[in-house]
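Engineer: Listed below, chain by chain, are the residues.
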Amino acid sequence: MRRDVFQALADPTRRAILLLLASQAMTPNAIAEEFHSSRQAVSKHIQMLSECELVKQEQKGREIYYHINANKMKEIDKWVEQFKKIWETRFNQLDKVLLTIKKQKK
Amino acid sequence: MKNNLLFDFTVDKATKTVVVNREFAAGLPLVWDAFTKQEILDQWWAPKPWTSKTKFMNFEVGGRRFFAMVSPEGQERWSIQKFTSITPKTNFKMTNAFADKDENPELPGSEWDLNFSEQNGTTKVSISIYNESLDRLEKMIDGFRQGFTTTLNNLEKLLATQSQK
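If you read the protein sequences in the order shown, they are chains Z and C. Position one of the first sequence corresponds to residue 1163 (the numbering used here), numbered consecutively onward. Position one of the second sequence corresponds to residue 364 (the numbering used here), numbered consecutively onward.
Keep in mind the hints are simulated off the structure, nothing from the lab. Each hint should be verified, as a subset may be incorrect.
[Unchecked claim] Cβ-to-Cβ under 10 Å is the rule here; a few derived chain Z residues that face chain C:
hint: 1; residue: Leu1182
hint: 2; residue: Ser1200
hint: 3; residue: Val1242
hint: 4; residue: Lys1246
hint: 5; residue: Glu1250
hint: 6; residue: Asn1254
hint: 7; residue: Leu1256
hint: 8; residue: Lys1258
hint: 9; residue: Val1259
hint: 10; residue: Leu1261
hint: 11; residue: Thr1262
hint: 12; residue: Lys1264
hint: 13; residue: Lys1268
Note that this is a predicted model, so its numbers are computed, not measured. Heads up, the beta-carbon is just placed ideally off N, CA and C, and yes, glycines get one too.
Generate coordinates for the entire structure from the input sequences, incorporating the hints supplied.
Structural biologist: Structure follows, in structure tokens:
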């Protein structure tokens, strides 16, 4: 099973990597230099981001560059939309409850 | 239920805060009760087909509400809210954390700040929810995903009924 986008985003280091890549494509080495953690740890993070397609890789000569995948980031917006729907539903229910109570009081 | 009542929802990823504003066609005392009394809360807090079940609620500073969202299959997802500040009919603040059935919270939770104000018989509620981790928000969505299609159908039906009036 492919990894879930939100599991990938739950980690602060991975979010920082995405932020870095949002401004420019980078090699794994260049990314690792930005963090205090080991190259290996950073590489694991990149792998996870890659598995859930938040980043894409591109071979340029002997180097691999990582890019942010804008389409996948849209999924996050969809998810936010779902969260919004929950509140809408909840409040529509509250509207009904308020109406019922008001009628009972009359 | 009138369409001209305000509803806005924003997620600020940078400050990890969700802000929800909504107006209700009811007076402030009633809306305040709907958010602070368990017998009313349980009638609307869970989006259908989920139901809300409050085991206990002590609405006072330092008091707690221990409640579950119950799925149509009977699966219970428990949460604990702890009230940290109360200014009657104006504002209350609480922390909210998922929990097991024995009241052990999964920390960190989220921090809620709810403001209430009335103008010309319409009550506005402004809620801001600060989440330490996106992970937690994700869990909340996951919990509802199963029942979600039904929820949307319910909502559609409700809206259809409303617009016929």
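Engineer: Take the hints in turn and mark each one as holding or not.
Structural biologist: Going through the hints against the structure:
1. Leu1182: violated (16 Å)
2. Ser1200: Constraint on Z/Ser1200 not satisfied, violated at 23 Å.
3. Val1242: Since the shortest Cβ distance to chain C is 5 Å, the answer is holds.
4. Lys1246: For Z/Lys1246, the interface hint holds, since the closest Cβ of chain C sits about 4 Å away, which is under 10 Å.
5. Glu1250: Interface hint status for Z/Glu1250: holds (7 Å vs cutoff 10 Å).
6. Asn1254: Z/Asn1254 check passes; min Cβ-Cβ to chain C is 6 Å, inside 10 Å.
7. Leu1256: holds (4 Å)
8. Lys1258: holds (8 Å)
9. Val1259: Result: holds, 5 Å to nearest chain C Cβ.
10. Leu1261: holds (7 Å)
11. Thr1262: OK, holds: Z/Thr1262 within 10 Å of chain C, min 8 Å.
12. Lys1264: Status holds, d = 6 Å.
13. Lys1268: For Z/Lys1268, the interface hint is violated, since the closest Cβ of chain C sits about 13 Å away, which is over 10 Å.
Of the numbered hints listed earlier, those contradicted by the structure are 1, 2 and 13.
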